[in-house]
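A.B. asks: Sequence:
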Amino acid sequence: MKFFDKVRFKMWMQEKDNKSANTASNYAYAIDKISAHYSKETGQLINFYKTEDFEFIKGVARDYSVDGKFSSFGYENHEASRNAIATFAEFAMAISSGQYEAEKENVFPLPRVTNKLTNENKFPLNTILYGSPGTGKTYETIRKAIEIIDAPFLDFNPKRDELKNHFDHFLADGKIAFTTFHQSFSYEDFIEGIRANAVNGLIEYKVEDGVFKKIATDASLQTKSNFDEVYDALCNEIGESGLVLKTLTHSRPFDVKISNMGNLSVIPQTGNGNAMSITKENLRKFLFEDKGIEWIIYAKSIKNYIESKYSFRKSEEKSNYVLIIDEINRGNIANIFGELITLIEPSKRAGAPEALSVTLPYSKEQFSVPDNLYIIGTMNTADRSLALMDTALRRRFHFIEMMPQPELLAGIDVEGVNIERLLTRMNARITALYDREHTLGHAFFMPLRDEPTLMKLREVFERQILPLLQEYFFEDWNKIRLVVGKDLVIEEAVDTDLFDDLVDGMVNPKTYRLNLTALDRAETYIRIYAKGNA
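Under my numbering, think of the first position of the sequence shown as 41, with each following residue one higher.
The hints are simulated quantities; they were obtained by calculation from the structure and are not laboratory data. Do not rely on the hints blindly, as some may be mistaken.
To be verified - Listed next, the in silico DSSO-like pairs over lysine-lysine satisfying Cα-Cα at most 30 Å (straight line):
#, residue 1, residue 2
1, K286, K320
2, K199, K184
3, K358, K199
Kindly produce the complete structure, drawing on both the sequences and the hints.
C.D. replies: See below:
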C-alpha cells in the first residue's frame, strides 16, 4: 500500500526536496485547499492525502498547471498553490516508484498521529494556564493547540514563526477560535443572543451564534457516509430498463439490473450471460474497503460509475477543535457560561455516559458540547488572584502553573550583563517584597536572544519592566528602588524651603525619581545581582 499522507509529504519535502519546515507546512496546507476546491468543482469528495492513485494525482497537477483547466485557482491563490500540487505529484511518484521508502519506519519514522477523535494525547479537555506576566502563556496556548490538532507537526521542531504560521492556518479554517474575556463580555457574545440589523431601512432582529456555539457546532459536525442515499439513487436510475456498463480493463459490456431481493444483478453481454448477484452490503464493503466482493471485475466498474456520477462519500472521523479564552478570569463566568458551565465537564459532553443537553433560551435549540472541543484559558495571576476564581470554573478545569524560567535565558550576555542572573535576582526581591504571583516572566527578555544590545535591554526596562513594577507597588518607589537598585531610582530629600510653615507629618521627607540615563550603562544592571549570589 502506498501512502500519500500529509506527514510523509512534509518529511519528504524536507528530507529529499530540501524545503524548509515553513515551506513544507505551507505546501501541505495548500494540498488541503486544493482538495476542497477540486471537490467543489468536480462534485466528487476528494482528499488527495487518502488517494493511492499516482496517475490521478499527476492528472490533477496538470489541471492546476499554468495551462490547466483550474489554472485560475493558482493565480487567485498565489503561485504556491501550483507549486504545491506539482511537488505533491513528485512525492506521489517517489512513493509509487519506491524511490522514497516512506513505508519503512526505520528510515524515516512516522510520528504517531493524535489529531483524530481520541484522547491519545492525554491533554485535558478544559485547561487554564496561569502565571505572572511574561511567562509565555500565549505562546504555550499556540503550541498546545497545535499539539491537540496536528501533533506530528511538532516533531519537525518548528521555529516560533513556523508554529505561528501553522496556528494561523487552523485559525483561518475555523479549527481554532480565539476570544478574550472582559467585564462587558456576556452570554450573548459567548453562546447566542438577539442582534438588531438594518435591512432595507427596517430593523430586523435575529438570533446570532456566539464564538463558543459557533465552534462547538463546527466540532459537532461529522461527515457521515451517504451510501444508502447513493444506492437508492442508483437503483432508481437502473429501474426496469436496467443500466449498461463496461469493464474497466477490456471494455466488455454488461447489464446491471435490480433483483427481486433488491440486490444488483450483473449479466455479461458476452459468454453464457449468467447473472451474478452483488448484494448491497457486499457493495458497501467494497466501496469502503476494496474487498469483500466476488465479482470484482464488474464491481470495479460499478464503483467507478458511482464515484463519477454520484457525490459518494465515506464517513470521516471528527478532528479536534480548540477554543482559546485569553484572560479567562477577567469575565463574569456565571453570566458568560450560564447553564453551559455544566456541559463542558468531560462526563457531561456528547457521547459520554452522563451526557447532557440543554434548550438554549433564544433559539430554543437543543445544545450539547462535543467531546472533540478543547478549551484552553489563560490567566494572569498579577491581574487577579487564583483564589478569587469562580468555584464552578475551578472544579471543571485543569490548572497548569507557568512560572518564570530564567534558565531559558542562559547564555544571553549583553555587554557583560548576565540576563539569567538579573531576572533571578529581581524575582527573588519581588517575592520577598510582594509575592510569587507578581514576579517577572522570562518572555520579557527573550528578544535579547536575537538582539543582545544595551539599547534593546534599555527598551525592555523602560517600556515594560519599570511600568509593571510601578503598577505592582502602587507607586511605592522605595520598594521599586529595592528591586532595581539605587542607580535607577534616585532618592532625594525634600527642600524644606518650599513651604513657609513646615508641619510635621504632612510632607514626605524623601522623594524619588527615575534615572533613565542609567539604563544606558551595563553597570546599572550588573549591580542589581552582583551583591551576593543570584
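A.B. asks: Each of the hints needs a verdict: does it hold here or not?
C.D. replies: Okay, the hints, checked on the actual structure:
no. : hint        : result
1   : K286 - K320 : 20 Å, holds
2   : K199 - K184 : 15 Å, holds
3   : K358 - K199 : 28 Å, holds
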